[in-house]
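Asks: Work the whole structure out from these sequences, hints included.
All residue numbers for the sequence shown refer to this note's numbering, where the first residue is 1194 and numbers rise by one.
Honestly, the hints are just simulated from the structure, not real lab data. Wrong hints could be hidden among the right ones.
Stated by the list, open to error - Within a straight-line C-alpha distance of at most 30 Å, the following computed BS3-like cross-link-like pairs (lysine-lysine) qualify:
#1 Lys1446 x Lys1382
#2 Lys1461 x Lys1382
#3 Lys1266 x Lys1232
#4 Lys1443 x Lys1461
#5 Lys1232 x Lys1252
#6 Lys1611 x Lys1621
#7 Lys1195 x Lys1245
#8 Lys1232 x Lys1262
#9 Lys1512 x Lys1382
#10 Lys1284 x Lys1196
#11 Lys1284 x Lys1252
#12 Lys1284 x Lys1262
#13 Lys1611 x Lys1513
#14 Lys1245 x Lys1269
#15 Lys1621 x Lys1382
#16 Lys1446 x Lys1196
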Amino acid sequence: MKKVYAVSLGCPKNLTDSEEALAGFRAQGYALVSGSEEKADAAFLNTCGFLKSSVAEAKSHIRRLAALKRAGKIRKIVVAGCLVQRLGVEKLSAEFPEVDVFAGVSATAVSADLLKAGESAAPEAAGALCAPAGRLRLTLPHTAYLKIAEGCANNCSYCAIPSIRGPLRSKPPAHVLAEARALAASGAKELVLIAQESTAYGRDLPGKPSLPRLLERLARVRGVEWIRVLYARPERLDENLLRVMAREPKICKYLDIPLQHCRDGVLKAMNRPYGQESISRKLAMARRLVPGIALRTTFISGFPGETAADSRALERFIKKERFASLGVFAYSREPGTAAYSLPQTVPPAEARRRRAALLRAQDAVAAKLGAGMVGRVFTVLMDTPVMGRTYMDAPDIDGFVEVSSGRPLQPGTFVRVKITSARGYARKGVAV
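Replies: Printed below as a string of structure tokens:
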């Protein structure tokens, strides 16, 4: 049997594309191998191309695969995803002649067919939403990402995603539910809903199906115990969504809301249609309607026009709002974005310094929140025999709990755990 080795770079949305592509390889008679590319006949690399740093990372992987091919250790290379979509087949083929097939974001599900033909596919952002061969999951068996939409209808000035991924295209509810049932049948107990913007779900479909209604229907899928939502927009966060989260026990009291900043002037330059006052109202509403909700966010430091006073205000905002977790990215000037033409008023080194200050502010918040967990009992989903996550922790990006128990704990099981200590996002507890 032919063998394929896979590397998936970037975000969870890219990971689901990789899973669909590998199902296509499987349909063509390939078996997935792990550990080393040298065990495989073909290597499949699904790339990220959102930031200059991700472009550099992807090219580094391609160079490594090209060297292995020149040494006769692998026979064929397929490169797909956002890098190809952003830079184009012609440019990449000239730079990396060792690659047999280049495919954009809409072609990952049929990469095995492309490999068989030995032809690259012209990048096309608005491709099919549902892969005919299904998915070959790369996550832990009990956790799965469920992409409910592709593309983005927003035009944030710093972001290249609409030009890479295309306009908003929501999956019809019936398709989402069918995929959820298939994931549950394969052992998934936790579904993590993803899109470029989850709260825009259904706006482009007939009848305008909504995210709250979709969540209600997903909560009835047998076998699924946890459902969490990533990538919400604050201006579309409403009472309907929050009341469903509060009412449905399967929906984690968790919401990822990338805010990017809190200062009105910076947000306006980012083309984000809200300000600090409306953000604070939305966050207060979420906490009022969903007691105990864990709110996660991301910010950008050093955006053009951001002053030192703006950055200090963002530090104060972080301390005031007490987010359960957050990430911070130093601004990256990306060709093809509206912000590319803005005067670069913040040197990269200063953007990194401001990022570090914001993360220190969050570290202080995390220490207080962790201390407040000590002595309390939480339901923990075990990822390994000794490590698990609470409802406040999305896979790979948030915190964890190290669990002590007098009995073996099986990954994929839910365990009641009393937290005995916490250091930032790292907690320890005892099964009860």
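Asks: State the violated hints by number, sorted upward, taking the hints as numbered earlier in the document.
Replies: Structure breaks hints 2, 4, 7, 9 and 16.
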